[in-house]
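Visitor: The lines below spell out each chain.
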Amino acid sequence: AQKVTQAQTEISVVEKEDVTLDCVYETRDTTYYLFWYKQPPSGELVFLIRRNSFDEQNEISGRYSWNFQKSTSSFNFTITASQVVDSAVYFCALTQGGSEKLVFGKGMKLTVNP
Amino acid sequence: DVKVTQSSRYLVKRTGEKVFLECVQDMDHENMFWYRQDPGLGLRLIYFSYDVKMKEKGDIPEGYSVSREKKERFSLILESASTNQTSMYLCASRVEPGFTEAFFGQGTRLTVV
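In order, the protein sequence lines correspond to chains H and B.
So in my numbering, spot 23 of the first sequence is number 23, and the numbers just go up one at a time.
So in my numbering, spot 105 of the second sequence is number 105, and the numbers just go up one at a time.
Please keep in mind that the hints were generated in silico from the structure rather than gathered at the bench.
Each hint should be verified, as a subset may be incorrect.
Stated by the list, open to error - The following residues of chain H were derived to be distant from chain B, with all beta-carbon distances above 12 Å:
no. : residue
1   : V14
2   : D22
3   : S42
4   : F68
5   : V85
6   : P114
What the hints assert, rightly or not - To give an idea of the interface, some chain B residues facing chain H are shown, with a C-beta separation under 7 Å as derived from the structure:
no. : residue
7   : H29
8   : N31
9   : P39
10  : Y50
11  : F99
In this text, a Cβ means the ideal position worked out from N, Cα and C, and glycines have one as well.
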């Protein structure tokens with residue numbers, strides 16, 4: 001079975017604070033793919049990043065960075081120097097190798113206050 | 001630009017009605033998905049399809065069926081709508097295989113009264 005857990009449901013920060021969104025996954029497969037999506041108030045989900053199970057290299061894109069650790073089955077997302085425009089619901093998702101099924105966590109609502 | 005279009009943004013239906021939610025993608029994607037989004041429950045997978053006329057149940061298929069007669073179109077059917085099916089419904093598509101990202105429609109807010 002495949003499962004994604006986002007333990008935090010809601011976080012509120014002040015602009016310029018750093019914030020980390022946690023994602024823990026479960027899968028029986030050695031090949032799998034992890035994703036992060038952003039859902040702004042407008043509602044449409046926007047893809048942020050993809051990572052496959054064979055690539056544990058961390059990634060940085062501007063103020064966004066991702067830390068993938070297979071040892072703890074985690075794929076955490078950090079926003080540095082948060083901005084009001086980062087306010088959204090963020091989802092972590094997983095596909096097991098050999099399956100087309102895409103499963104999401106419950107999401108984490110981030111509010112960045114000015 | 002990739003495009004996933006859901007036929008309605010808002011829909012109000014009566015209990016017991018048969019409801020069709022339509023989703024069309026213009027990217028020639030093999031995989032299509034239907035999710036429902038509820039507060040505190042995130043996105044839950046109802047059904048997905050990996051080819052024309054092929055479908056698989058997701059995590060919460062009860063009360064729903066789907067149809068995929070053409071590659072670009074994936075329909076979600078509520079055979080007899082109930083109030084507990086009031087929700088936001090999201091359609092997504094992606095190319096095979098499973099390491100690619102999915103593209104989402106704008107969502108349909110369905111209210112069953």
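Visitor: Each of the hints needs a verdict: does it hold here or not?
Guide: A quick look at each hint next to the structure:
no., hint, in the structure
1, V14, "holds (25 Å)"
2, D22, "holds (14 Å)"
3, S42, "violated (8 Å)"
4, F68, "holds (14 Å)"
5, V85, "holds (19 Å)"
6, P114, "holds (25 Å)"
7, H29, "violated (11 Å)"
8, N31, "holds (5 Å)"
9, P39, "violated (10 Å)"
10, Y50, "holds (5 Å)"
11, F99, "holds (4 Å)"
Figure legend: structure checked against the earlier numbered hints; hints not met, in rising order: 3, 7 and 9.
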